[in-house]
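K.L.:
Listed below, chain by chain, are the residues.
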Amino acid sequence: MNWQSWSQFLEMGGYGLYVWGSYAVTLVVLVAEMAELVMRRRGLFERLAKFYAARRRNDETEA
Amino acid sequence: MTKSRRFSWFVFSSPQTFYPLAGTLQPWFAVLAALLCAAGLYISFFVAPTDAQQGESYRIIFIHVPAAWMSMFLYLVMGFWSGVGLVLNTRLSSMVATALAPTGALFTFIALWTGALWGKPTWGTWWVWDARLTSELILLFLYIGFMALQAAIDDPRRADKAGAVLALVGVINIPIIYFSVQWWSTLHQGASVSMKSAPTMAATMLVGMLVMALGFWMYSIAAVLARVRCVILERERHTEWVMEEVGLHA
Amino acid sequence: MIRALGWVLRRDLLLAFRRRGDVVNALVFFVIVVSLFPLGVGPEASQLRNMAPGVLWVAALLACMLSLARLFAPDHQDGTLEQMLLAGEPLVVLVMGKVISHWLVSGLPLVLMAPLLGLQFDLPGDALAVLCASLLIGTPILSLVGAVGAALTLGVRGSGVLVALLVLPLYVPVLIFGAGSVGATAAGTGAEAHLLLLGGFLALALVLAPWASAAALRIAME
Numbered sequence: 001m002n003w004q005s006w007s008q009f010l011e012m013g014g015y016g017l018y019v020w021g022s023y024a025v026t027l028v029v030l031v032a033e034m035a036e037l038v039m040r041r042r043g044l045f046e047r048l049a050k051f052y053a054a055r056r057r058n059d060e061t062e063a
Numbered sequence: 064m065t066k067s068r069r070f071s072w073f074v075f076s077s078p079q080t081f082y083p084l085a086g087t088l089q090p091w092f093a094v095l096a097a098l099l100c101a102a103g104l105y106i107s108f109f110v111a112p113t114d115a116q117q118g119e120s121y122r123i124i125f126i127h128v129p130a131a132w133m134s135m136f137l138y139l140v141m142g143f144w145s146g147v148g149l150v151l152n153t154r155l156s157s158m159v160a161t162a163l164a165p166t167g168a169l170f171t172f173i174a175l176w177t178g179a180l181w182g183k184p185t186w187g188t189w190w191v192w193d194a195r196l197t198s199e200l201i202l203l204f205l206y207i208g209f210m211a212l213q214a215a216i217d218d219p220r221r222a223d224k225a226g227a228v229l230a231l232v233g234v235i236n237i238p239i240i241y242f243s244v245q246w247w248s249t250l251h252q253g254a255s256v257s258m259k260s261a262p263t264m265a266a267t268m269l270v271g272m273l274v275m276a277l278g279f280w281m282y283s284i285a286a287v288l289a290r291v292r293c294v295i296l297e298r299e300r301h302t303e304w305v306m307e308e309v310g311l312h313a
Numbered sequence: 314m315i316r317a318l319g320w321v322l323r324r325d326l327l328l329a330f331r332r333r334g335d336v337v338n339a340l341v342f343f344v345i346v347v348s349l350f351p352l353g354v355g356p357e358a359s360q361l362r363n364m365a366p367g368v369l370w371v372a373a374l375l376a377c378m379l380s381l382a383r384l385f386a387p388d389h390q391d392g393t394l395e396q397m398l399l400a401g402e403p404l405v406v407l408v409m410g411k412v413i414s415h416w417l418v419s420g421l422p423l424v425l426m427a428p429l430l431g432l433q434f435d436l437p438g439d440a441l442a443v444l445c446a447s448l449l450i451g452t453p454i455l456s457l458v459g460a461v462g463a464a465l466t467l468g469v470r471g472s473g474v475l476v477a478l479l480v481l482p483l484y485v486p487v488l489i490f491g492a493g494s495v496g497a498t499a500a501g502t503g504a505e506a507h508l509l510l511l512g513g514f515l516a517l518a519l520v521l522a523p524w525a526s527a528a529a530l531r532i533a534m535e
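For the protein sequence lines, the chains are A, B and C, in the order given. Our numbering puts the first residue of the first sequence at 1, with every later residue one more than the last. Our numbering puts the first residue of the second sequence at 64, with every later residue one more than the last. Our numbering puts the first residue of the third sequence at 314, with every later residue one more than the last.
Wrong hints could be hidden among the right ones.
Claimed, not checked - Chain B is nowhere near these chain A residues, computed Cβ spacing over 10 Å in every case:
id: 1; residue: Q4
id: 2; residue: S5
id: 3; residue: W6
id: 4; residue: S7
id: 5; residue: E33
id: 6; residue: A54
id: 7; residue: R57
id: 8; residue: N58
id: 9; residue: E60
id: 10; residue: T61
id: 11; residue: E62
id: 12; residue: A63
What the hints assert, rightly or not - Quick list of the computed label-pair ranges, beta carbon to beta carbon:
id: 13; chain 1: C; residue 1: G512; chain 2: A; residue 2: R55; range: 58 to 64 Å
id: 14; chain 1: C; residue 1: G392; chain 2: A; residue 2: R56; range: 37 to 43 Å
id: 15; chain 1: B; residue 1: H312; chain 2: C; residue 2: G512; range: 55 to 61 Å
To be verified - Residues from chain C shown here face chain B by an in silico Cβ test under 8 Å; the list is partial:
id: 16; residue: R331
id: 17; residue: G401
id: 18; residue: V469
id: 19; residue: L478
id: 20; residue: P482
id: 21; residue: L483
id: 22; residue: I489
id: 23; residue: A528
id: 24; residue: A533
id: 25; residue: E535
Hints were generated in silico from the structure; no laboratory data involved. Backbone N, C-alpha and C fix where the C-beta goes; we use that ideal spot for every residue, glycine too.
Whole structure, please, built from the sequences with the hints as guidance.
P.N.:
What follows is the structure, given as structure tokens:
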């Protein structure tokens, strides 16, 4: 085991800012990508549902 | 006697058949990614020993190097599928290439960010104009150019093919660019200020980097599968099967 | 085929000659940009001498890139490009003709102007000679690679900036060895290797770029 205590772990021998800055930003970026994909899929379904409904209404009024 | 049809992977080369396959595979890759990254993180923090010269700051390498590998790898994969789409005139390959770009660009950004944060404690500056970081920066520009070109062209098939030409030109240029930048950096700064002067690799460090790289790879596959599903729905919205799919979920 | 090349070349040169303003503008841009740098960093001679290869090369690169808008877009707008695609001649030959004329009009003047500007930066004589040589070999590469970018963005909205985004990363090796050759001469080490490498890049570009541009033009005009 490398670390004797939590505070030692967080400090990273004085380099805490850099190490955690790297890991944290990486995590944020990847989580943001995942979230964006989820939102994109949901938004897409909503938009497509509206698109199809509008098209159906259009076909009905024309028929 | 009827001849039984041999199974061919080509059955998945249409968006309609690939969509459900991607949907089934994606969670598995996500789980693999989570497990591998967890293992990699464990190795990077609890197994790999402290470095004599760089102290704990070297642990950034467990993200920086795998991210850089992925950024390069994803560009090559993107170029490959783009090329297939251009030559064979298939829609799905181009859709996969389009789906690859944002993930590749994000890994390039991660490589640059972690590179800067590693450079500061090691060499005192927030940015080091060494061969690898500078090449990563240019790679980011190549990714952004690909995405910008595809975004600017309205017709999807033209966007696919134009993007393919650009990606292939990029693939040819990447070795040239890397060689040029490497020459430029050794001339101006000398080999001492190079990201390659990482601590001599203890076996655990190498294993940690490989595990993280595999984890990133699985993550990329999962993300790209999810994104290509969205791209397929958008591009194929005029077909019956997408209408039913949306109807199912609406 | 040679006749077709000659025809395209003559036509483009004639058109450029009739609109001399366009051509001169790029040259003036080159001069102005180069003059901006001393204004930005101060007139100290040794600093300027160090900066000169990079500054001159980047300015040449930008000037070349700006003039790419003239390469395919006007012909696309008036329908000539479509005729070129339908013509019996290989598109690669026609593209080559256009690129050569583009270089003669936009690249060669930069090569001729550069020594004067180099003097402003107090570059010694041998460095000026190498600067000219490097630009002479390098600017055709810029035209060739730029043609691919111009073809890809034909008729696309915002194409001016988009071309820059696509083409500048590809210009980096040319910039590195072009400016590097002058720097090496000023530092005393030889510029041979750089110029030979640039020559290699030119050969590669001559083979690949017209073909890629032609493919991109067909994609754009489908």
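K.L.:
Please settle this one: T61(A) was flagged as non-interface, so is its CB more than 10 Å from every CB on chain B?
P.N.:
The assertion about T61(A) holds, with a minimum of 19 Å to chain B.
K.L.:
If we take the beta carbon of A54(A), is the closest beta carbon in chain B still more than 10 Å away?
P.N.:
holds (12 Å)
K.L.:
At 10 Å, judged by beta carbons, does Q4(A) keep clear of chain B as stated?
P.N.:
At about 12 Å from chain B, Q4(A) clears the 10 Å cut-off, so the statement holds.
K.L.:
Does A528(C) pass the interface hint, meaning its C-beta sits closer than 8 Å to a C-beta of chain B?
P.N.:
Cβ of A528(C) sits 6 Å from chain B, so the hint holds.
K.L.:
Looking only at beta-carbon atoms, does the pair G392(C), R56(A) fall within the given range of 37 to 43 Å?
P.N.:
holds (42 Å)
K.L.:
Go through the hint on L478(C) and say holds or violated, using the shortest Cβ distance to chain B against 8 Å.
P.N.:
It holds, given that the least Cβ distance between L478(C) and chain B is near 5 Å, below 8 Å.
K.L.:
Can the hint on E535(C) be confirmed by a CB-to-CB distance to chain B that is less than 8 Å?
P.N.:
holds (7 Å)
K.L.:
Is the shortest C-beta separation between G401(C) and chain B less than 8 Å?
P.N.:
violated (24 Å)
K.L.:
The output says E62(A) does not contact chain B. Does that hold with a beta carbon cutoff of 10 Å?
P.N.:
holds (17 Å)
K.L.:
Going by Cβ atoms only, is L483(C) closer than 8 Å to chain B?
P.N.:
holds (5 Å)
K.L.:
Closer than 8 Å between Cβ atoms is the bar; does R331(C) clear it against chain B? Give me holds or violated.
P.N.:
This interface hint is violated because 31 Å lies over the 8 Å limit.
K.L.:
Are all C-beta atoms of chain B more than 10 Å from that of W6(A)?
P.N.:
With a cut-off of 10 Å, W6(A) remains clear of chain B, as the shortest Cβ separation is near 12 Å.
When the structure is compared with the earlier hints, violations turn up for hints 5, 16 and 17 and for no others.
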